[in-house]
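Visitor: Please model the complete structure; the sequences and the hints are all you need to start from.
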Amino acid sequence: MYKRNIMKKKHLLWILLLTALVATPPIYHRLSEARRLKQIKTVKHEASQINAVPLNEFMARLKGASPEETLLVLYTGSTHGHLEPCGCFIGQSGGLPRRATALASIRSQGFSPLLVDLGGVLPTQDSKMQEDLLTSPNDAVAETLAPPAVLPLDYLRTQKMLESMRLLKYEALVPDKADMIWGEDVLTGTLAHQAFPILTTNIEGFGGNVQSLLTKNVGNKKVAVLGLSSLGLEDTTLTELAPLFSEIQKQVDVIVILSNLSPEVNRTIAEKYQSVSAILSPGTGETENVGNVLLAYSGVNGETLGALLLNVGDTLGASAQQIALTEDVEDDTQIRELLLDFHTQVATDPQLQAGGERLFSDEALEQDPRSGYVGSQACATCHRKEFDQWAHTSHATAFNTLLTVGKQFYPECVSCHVNRDGFLCSYFCV
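Numbering-wise, our numbering comes out as the position in the sequence shown, counting from 1, plus 378.
Be careful, since some hints might not be right.
[As the list claims (entries may be wrong)] List time: in silico DSSO-like cross-link candidates among lysine-lysine, alpha-carbon distance up to 27 angstroms: (1) K594 - K547; (2) K555 - K416; (3) K650 - K416.
[What the hints assert, rightly or not] Across the chosen pairs, the derived CB separations fall in these ranges: (4) E664 - T693: 19 to 27 angstroms; (5) Q629 - A527: 43 to 51 angstroms; (6) S410 - S739: 26 to 34 angstroms; (7) E705 - S410: 30 to 38 angstroms.
Hints were generated in silico from the structure; no laboratory data involved.
We put the beta carbon where it would ideally sit given N, CA and C, even for glycine.
Guide: Right under this line is the structure:
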């Protein structure tokens, strides 16, 4: 009797063990997928949280300002070739068509804003290449590194960006180190020959449409706008500024600086030159006052439109904020047509869809001319269990999101909406 009970317990344990072995993989997959979906939801929620005021709220505030006593500077920076949001989820802010609408609304209120870009216009390349090319501690080493090849898609994207900036009537661009990513020829041959000038107060020797200073009259006050570019040597900028400031202060009443130097250098400039009203920089950061000087940032990827309001009346005062460009801001039809032309070109030109080196090109299977993309159903023939499990996850429909918004031809979108495995353009089966 005792032995029989022992055998029953062993059988029960074996049954429990086998049940656990059979049930654990599906449960694990469900839990893993639930955790992944929760992470995606969190990322989307964080991405949709824009630290900016709605356009209608900014317009209401603008009604209390006088165009005769207010300098309005509208600014962008660190756009990195982003023409508009990817469209993967609701609540995204940004895009050239919405920016154009915001500008038209502001100009309709009697203001003639100074519209400028603080640098970082060109599309970004591989992050490791950027690090090597732009931030090498050894300048001699950095100069010997060849600039990366320009992808046709990035070149077309840049053309559309610059054409849009011309249509929006930009008045200045301060070139950043990031704008050297394709080499000096693009900077001096393309950026320096636009309808709007390159603004570089601390650099000389550029050809083309280049200015060292912008001036604007607001009421009875004269405003000077300086451009400090990170293409210059930062360790000599401060010493060079002293005589320059002394001369400029004799000619104007108000000074605003557009600078893509480091935040530390900008803060030092603010501490040393308290007569400056504001320093505007690309990228992200907290708006702050260093004594009398306002430090503000543009945001990134064209998600918002920066606005500096500078009262030049009897009492000087400066404030800066970001304007949200969400779905409630309608598209400007002219700029939308420009982007539709861009999307059409990408959809019809295979060269524009090339995102990098072909994966596994050294493998015999990839070199076989009969080898091609066959789709997920081909996998199901031999891997039915794996296919059924995959088909019940959001992976199976991720590519449809791109089809909905017409972005299935963009390598940077495809890399996240298929089994990317870390590759740039990754139709890769696991």
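Visitor: With reference to the structure, classify each hint as holding or not holding.
Guide: Now the hints, each set against the structure:
no.	hint	verdict
1	K594 - K547	15 angstroms, holds
2	K555 - K416	38 angstroms, violated
3	K650 - K416	48 angstroms, violated
4	E664 - T693: 19 to 27 angstroms	25 angstroms, holds
5	Q629 - A527: 43 to 51 angstroms	45 angstroms, holds
6	S410 - S739: 26 to 34 angstroms	32 angstroms, holds
7	E705 - S410: 30 to 38 angstroms	33 angstroms, holds
Hint check: violations occur at hints 2 and 3; the rest are consistent with the structure.
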